[in-house]
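**Student:** Sequence order for the protein chains is E and L.
With the first letter of the first sequence counted as 1, position 2 gets the number 2 in the working numbering; the numbers rise by one all the way through.
With the first letter of the second sequence counted as 1, position 226 gets the number 226 in the working numbering; the numbers rise by one all the way through.
No lab work stands behind these hints, which were simulated from the structure alone.
Keep in mind the model is a prediction, meaning the values are calculated, not measured.
Backbone N, C-alpha and C define an ideal beta-carbon position, used for all residues, glycine too.
The reader is advised that the hints may include incorrect statements.
The following label-pair restraints were derived from C-beta to C-beta distances [as the list claims (entries may be wrong)]:
no., chain 1, residue 1, chain 2, residue 2, range
1, E, Gly262, L, Leu48, 53 to 63 Å
2, E, Arg400, L, Arg32, 37 to 47 Å
3, L, Gly281, E, Arg400, 51 to 61 Å
4, L, Asp127, E, Gly262, 35 to 45 Å
5, E, Ile101, L, Leu48, 49 to 59 Å
6, L, Val202, E, Arg128, 40 to 50 Å
7, E, Arg225, L, Asp259, 28 to 38 Å
So these bits of chain L aren't anywhere near chain E, every CB distance computed over 12 Å [claimed, not checked]:
no., residue
8, Arg13
9, Ala18
10, Ser23
11, Arg36
12, Leu40
13, Ser88
14, Ala152
15, Ala159
16, Gly161
17, Arg181
18, Gln239
19, Gly254
20, Arg275
21, Arg287
22, Cys295
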Amino acid sequence: MTGRRLDGAVRRALDGERLDAADALVLYTDLPTHRLGQLADAARAVRHPDGIVTYIIDRNVNYTNVCVARCNFCAFYREVGAADGYVLGFDEIFAKIDETIAVGGVQLLLQGGHNPDLPLAWYEDLFRAVKTRYPDFRLHALSPPEVIHLSRLSQLPSRTVIDRLVAAGLDSVPGGGAEILVDRVRKRLNCYGKATATEWIDVMRHAHEAGLRTTATMMYGTVERLDERIEHLLRLRELQDETGGFTAFITWSFQPSNTELGGVGATGVEYLRTLALARLVLDNFDNLQASWVTQGGKVGQLSLAYGANDMGSVMIEENVVRAAGAAYCMDEVEIVRNIEDAGFVPKRRDMQYRVLGDPIFRVRQVPRMTELATAREAGDTSVPAELDRYPARSLAGKRRQSVV
Amino acid sequence: MTRRSWFEEIGARLQAGAPLSESEIAALSGTRDLVRLGALADERRRTLRGDRATFVRVAEVPAGGAGSAALPRHAGELRLTGRPASASLAVEAVRAAARAAGDVPVSGFALDELVDVCGRDAARFDDLVAALRAEGLACIVEARVERTTDPAWVVRAAAAGVPVACWTVGDPAASGGAALRRVAGWGSDVPVRVFAPLPRVVAGRPSTGYEDVRQVALARLLVDNSHSIQVDWRRYGPQLAQVALTFGADDVDGVSPNDAREHGPRRGPLEEITRNIRAAGLVPVERDGRFQTLCTHDQ
Numbered sequence: 001m002t003g004r005r006l007d008g009a010v011r012r013a014l015d016g017e018r019l020d021a022a023d024a025l026v027l028y029t030d031l032p033t034h035r036l037g038q039l040a041d042a043a044r045a046v047r048h049p050d051g052i053v054t055y056i057i058d059r060n061v062n063y064t065n066v067c068v069a070r071c072n073f074c075a076f077y078r079e080v081g082a083a084d085g086y087v088l089g090f091d092e093i094f095a096k097i098d099e100t101i102a103v104g105g106v107q108l109l110l111q112g113g114h115n116p117d118l119p120l121a122w123y124e125d126l127f128r129a130v131k132t133r134y135p136d137f138r139l140h141a142l143s144p145p146e147v148i149h150l151s152r153l154s155q156l157p158s159r160t161v162i163d164r165l166v167a168a169g170l171d172s173v174p175g176g177g178a179e180i181l182v183d184r185v186r187k188r189l190n191c192y193g194k195a196t197a198t199e200w201i202d203v204m205r206h207a208h209e210a211g212l213r214t215t216a217t218m219m220y221g222t223v224e225r226l227d228e229r230i231e232h233l234l235r236l237r238e239l240q241d242e243t244g245g246f247t248a249f250i251t252w253s254f255q256p257s258n259t260e261l262g263g264v265g266a267t268g269v270e271y272l273r274t275l276a277l278a279r280l281v282l283d284n285f286d287n288l289q290a291s292w293v294t295q296g297g298k299v300g301q302l303s304l305a306y307g308a309n310d311m312g313s314v315m316i317e318e319n320v321v322r323a324a325g326a327a328y329c330m331d332e333v334e335i336v337r338n339i340e341d342a343g344f345v346p347k348r349r350d351m352q353y354r355v356l357g358d359p360i361f362r363v364r365q366v367p368r369m370t371e372l373a374t375a376r377e378a379g380d381t382s383v384p385a386e387l388d389r390y391p392a393r394s395l396a397g398k399r400r401q402s403v404v
Numbered sequence: 001m002t003r004r005s006w007f008e009e010i011g012a013r014l015q016a017g018a019p020l021s022e023s024e025i026a027a028l029s030g031t032r033d034l035v036r037l038g039a040l041a042d043e044r045r046r047t048l049r050g051d052r053a054t055f056v057r058v059a060e061v062p063a064g065g066a067g068s069a070a071l072p073r074h075a076g077e078l079r080l081t082g083r084p085a086s087a088s089l090a091v092e093a094v095r096a097a098a099r100a101a102g103d104v105p106v107s108g109f110a111l112d113e114l115v116d117v118c119g120r121d122a123a124r125f126d127d128l129v130a131a132l133r134a135e136g137l138a139c140i141v142e143a144r145v146e147r148t149t150d151p152a153w154v155v156r157a158a159a160a161g162v163p164v165a166c167w168t169v170g171d172p173a174a175s176g177g178a179a180l181r182r183v184a185g186w187g188s189d190v191p192v193r194v195f196a197p198l199p200r201v202v203a204g205r206p207s208t209g210y211e212d213v214r215q216v217a218l219a220r221l222l223v224d225n226s227h228s229i230q231v232d233w234r235r236y237g238p239q240l241a242q243v244a245l246t247f248g249a250d251d252v253d254g255v256s257p258n259d260a261r262e263h264g265p266r267r268g269p270l271e272e273i274t275r276n277i278r279a280a281g282l283v284p285v286e287r288d289g290r291f292q293t294l295c296t297h298d299q
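Using the sequences and the accompanying hints, generate a full structural model.
**Tutor:** Shown next as structure tokens:
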């Protein structure tokens, strides 16, 4: 029975037919890794026959690590009032943008903790200030749980929050915080409170309806079952059918170090199989990114043989994965070398996946980058002055403001 | 002929034990279709070795300090590291290591180093190997491909009772097709059980994932005079080493013998290697430094 089921699923994948949950399950559990890779590679080649592999030069900036969500898989967050909690000042963020532009960067990926002392106005002021100083620079910012957090803080519908952020300068929304879009899993990861599966989907729907493009993600390898990973993919595919607003899908494995959940990380083969399955199931997604930041450069490059057509971001700065023990770095030169070594043609892109051109280091001199920057130097506990313009909600924040 | 049928044709010929032509080898070596190359190597590996993947937990001690070292309880091999300053010091190091090792096999040295300390004199070499064997040396750790000008030394060592365990590639510049051709060219008369085709030293720019797994796959397909194709767990890391097991490798060297549990039992070295082997669709089999099976970790 399984053999017939597998044969049928393979045939449907080869013919480019839509796969259902049972197809996806049997492909993952029963098809050898190389065969699964061949199917995914063929599906990638159909969508990207030109052999181009893209990447973006941008910077992952985490504006605050203070967070009330307390997801048990996260090694990055600090509780309100923690000595090593931080909020970046506007000037610090401007300096990061200057550095990003200097190496050919075109956007910030701006995400952070759910900090009760940062109201919606703080984000609006920041976005306006960025757009005033850097009119062409893009803000790929605030994942759905952050939008929901702001909705709760401001007591406004998330649709209104998105509209106000767009008016202030938001260009697109990153797909973070999806984890696994199944509420049983979310409850066990203590992230049900920050966003249920349906709430995450709804924010993305609102963003798409507001004219924004977004990405979609999946963090696997915690407490979910394989059928729940597949349910996650199917929910994304369903919304993509409805709106067409997702530009790309990115999956990565849970990084367990320094987290409350702990345990072990998924293996490299499991990553390649999950990626390949996603390429086959997400038949309405154009782009799949390789997660070299969690898998390392070598398996990151091998992703290009298992369905990925994009090497993600040069990144410049990364804080969240590093906090969980992974600290890989690839600058543009390395990313391009890996793409070409795999037999593809490297092209720079923007968030919308429009090709911007050839590698920037072949056009002009840019400094080599041997390690990713961090949000702040260790031990820097400075509090930005403009924070006092916004009324604090937390007790610690109120105490700080009363002292000031 | 389509690209796919070309791969299938090559696969059928390899399964039948037929030799490949120079142009076919060149085409295989240059292919960008990494997944199909890996599938060929995986098929070959499963034909030859089934679904077993062996690994060894290795305790490394400097050749000068073996006597004082406490051997980790789970080591399957005690390996002396470092170049011996003289023949007598090599013998002394093995004697001390064997005392510390008890029943655990002792290995050490690179073949070219032993040849050098004997001044490339065959009689002195034979005497040294006999002395090392008498003190308890189970095998010579490696013969570096780029430093092996005459494979007769390998044969001499084996004849004296201390086989070379592994062909290794020390210099990245010597890796690639040249290393594969040299090892394959020495034939089955040169008895070395394992071939580790990935360079032991990273010099200059690091290799890419494609380069690494392609080299492993080609080693599996083109080198048939070594029993096993090996990857090093510490040098290449769990992510790449595990993927290499699906590209034709069947043996993992360099697993830590320390039963470190500070991060919990599931993150100890034994749990990590067996979990990775199983996740690659293979059965983990622990061996010792003499390639004797110690345990099959079925579950």
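**Student:** Now look at each hint and say whether the structure bears it out.
**Tutor:** Structure-based check of each hint:
1. E/Gly262 x L/Leu48: 53 to 63 Å: About 39 Å separates the Cβ atoms of E/Gly262 and L/Leu48, which means 53 to 63 Å is violated.
2. E/Arg400 x L/Arg32: 37 to 47 Å: 58 Å, violated
3. L/Gly281 x E/Arg400: 51 to 61 Å: Holds: the Cβ-Cβ distance is about 55 Å, inside 51 to 61 Å.
4. L/Asp127 x E/Gly262: 35 to 45 Å: For E/Gly262 against L/Asp127, whose Cβ atoms are near 55 Å apart, the range 35 to 45 Å is violated.
5. E/Ile101 x L/Leu48: 49 to 59 Å: Given about 55 Å between the Cβ atoms, the range holds.
6. L/Val202 x E/Arg128: 40 to 50 Å: With Cβ atoms ~48 Å apart, the hint holds.
7. E/Arg225 x L/Asp259: 28 to 38 Å: Holds - the Cβ-Cβ distance for E/Arg225 and L/Asp259, about 31 Å, lies within 28 to 38 Å.
8. Arg13: 19 Å, holds
9. Ala18: 22 Å, holds
10. Ser23: Consistent with the label, L/Ser23 stays out of reach of chain E, its closest Cβ about 20 Å off (over 12 Å).
11. Arg36: 7 Å, violated
12. Leu40: Incorrect as stated: the minimum Cβ-Cβ distance to chain E is 9 Å, not above 12 Å.
13. Ser88: 43 Å, holds
14. Ala152: 37 Å, holds
15. Ala159: Answer for L/Ala159: holds, closest chain E Cβ roughly 40 Å.
16. Gly161: 39 Å, holds
17. Arg181: 22 Å, holds
18. Gln239: 4 Å, violated
19. Gly254: 17 Å, holds
20. Arg275: 7 Å, violated
21. Arg287: Holds: least Cβ distance 21 Å, greater than 12 Å.
22. Cys295: 21 Å, holds
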